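*Asks:* Generate coordinates for the entire structure from the input sequences, incorporating the hints supplied.
Letter by letter, the chains look like this.
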Amino acid sequence: MTTSAEWAAGFEAVLRKHLPRLSADAELTGDLVLADHGLNSLATVNLLVAIEDEFDVMFPDELLAATTFTTPDALWTVLKEVL
Amino acid sequence: MSQVTATRRESPEDLASGLVGLLRSHAAEVDREARFPAESVKALRESGLWGLTVPTEYGGPGGSLTELTGVAQILASGCLSTAMIWAMHTQQVDSLVRYASPSLTERVLPRIAAGEILLASVTTEAASGGKLTTAGAALVDGEDCLRLHRTAPIVTGGRHADGFLITMRDSADAADNRVTMVYADRVQLECDSADGAWDPLGMRGTHSAGMELRGDLPPDQVIGERGAFRTVAVESQIPLAHLAWSACWLGAARSAYADVIGLLRSRKRPSSLDPASDLVAERLARIRIDLELVSGYLARVTDEITACRAEGRSVDNPATQIHLNVLKVAAAELTFRAVDGLVRLSGLATGYLRTSAIPLERHFRDLRSASLNFSDDRLLKATGGLAVLDRSVRLA
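Taken in order, these protein sequences are the chains called Y and F. Sequential numbering of the first sequence, starting at 1, is according to my numbering. Sequential numbering of the second sequence, starting at 1, is according to my numbering.
No wet-lab data here; the hints were simulated from the structure. Bear in mind the structure is a predicted one, so any value in this text is a computation, not a measurement. By construction, the Cβ of each residue, glycine as well, lies at the ideal position given by its N, Cα and C atoms. One or more hints might be untrue.
Computed Cβ-Cβ distance ranges for the label pairs, DEER-style [to be verified]: (1) Y/K80 x F/W198: 48 to 58 Å; (2) Y/M58 x F/G312: 43 to 53 Å; (3) F/V187 x Y/P60: 42 to 52 Å; (4) Y/N46 x F/A28: 47 to 57 Å; (5) F/G196 x Y/D53: 47 to 57 Å; (6) Y/L63 x F/A349: 25 to 35 Å.
Anything over 10 Å on all C-beta distances counts as not near chain F; from chain Y, calculated [as the list claims (entries may be wrong)]: (7) A13; (8) R16; (9) P20; (10) S23; (11) A26; (12) N40; (13) T68.
*Replies:* Below, the structure written as structure tokens:
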């Protein structure tokens with residue numbers, strides 16, 4: 001399992017901005033279910049754009065499955081492919 | 001030949017995708033200079049797509065109408081002018097495939113498949129005002145030849161064409177609706193092209209010129225029956241035009257949409273393209289709806305014409321004619337509206353400037369021609385009349 005130590009700088013900060021139901025002092029673990037912490041479908045679009053902005057990448061369509069945004073680890077795994 | 005058929009062939013769509021970069025790289029200059037897209041057309045001639053619908057026995061890939069509309073969309077994502085030149089050429093190829101005499105077929109189709117002949121159509125006259133099935137200038141029957149002398153106010157790609165499909169009144173004493181179509185190779189003609197300036201709002205690469213053509217043609221170069229061009233028009237020229245043009249327009253609008261999505265997803269997005277904005281989302285959705293409707297209807301009508309042809313049925317019935325006309329009018333209106341919407345969404349700098357990273361203003365100018373390129377007004381009038389004949393309202 002990926003640990004947060006492997007995440008690129010900025011990844012966690014961007015994620016947290018899109019998780020209104022995750023308190024600032026709570027840990028953001030790799031297996032956190034993002035939908036349970038406020039990432040609805042509309043927020044997913046904003047998260048996608050924010051991640052693409054932060055890392056100056058564009059995800060190809062085939063990597064944008066519903067599963068891509070389930071957990072931080074899932075998203076990081078996909079992001080790693082385009083970094 | 002056997003070697004070619006033995007190797008696995010790329011699909012027409014793959015071949016077209018391989019050309020998009022080249023077409024796109026010349027599109028801006030072709031537009032600026034209002035010149036014929038010579039480099040792009042040369043690449044298309046050599047691509048294996050030049051005779052897409054030429055049957056395999058004459059060296060073509062025997063492509064379907066679905067492949068034709070697919071290729072047209074892809075080419076138009078690179079350069080709409082080039083795609084339209086290809087589409088109009090391919091429209092003429094269809095008439096040759098279906099209506100040329102066996103001897104003419106054997107002479108011409110292999111050369112088209114090999115990329116040697118760019119076909120242009122000469123179906124308008126100054127007097128006809130764009131009416132397809134009447135003609136003034138008359139064929140003269142000579143000894144073992146047909147004598148032709150005709151002026152044409154506008155021939156798309158005429159100066160670069162290697163062969164022409166020309167409509168003529170069948171003879172000097174025939175009614176003006178007894179129209180005969182003939183094929184003429186450029187070498188069989190004396191061609192004078194007028195030096196009129198070509199400086200239109202859009203579609204500036206579809207270099208068009210007035211022409212005067214004269215020559216003597218072998219009698220086997222009549223396309224279809226003498227005096228019966230209406231059949232060629234109804235079964236081939238019109239369906240192919242409406243399918244292929246609609247596909248071209250959709251391809252251009254779709255690529256504009258993709259470019260805007262790409263910009264929205266990049267750091268360079270203008271402030272008007274805020275992905276968190278409900279207004280942006282609503283506008284993107286509305287434009288997507290227009291593109292989806294054209295795409296779906298295009299596929300539906302393509303299937304309808306394909307089925308008619310496969311079953312040997314004529315497309316000359318009110319419902320099918322309505323569907324073909326609706327496709328053309330709807331595609332013209334909705335693709336232009338889509339690009340207009342993208343201009344509004346992107347704002348002044350991205351949407352309106354020639355120096356924009358996205359050629360939205362070119363798409364806007366190009367697609368403005370769609371409702372004029374065979375006038376929607378005329379098609380709507382015809383469609384309204386046909387609708388009265390179709391009491392059961394057979395929807396596509």
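*Asks:* Flag every earlier hint the structure violates by its number, smallest first.
*Replies:* 4
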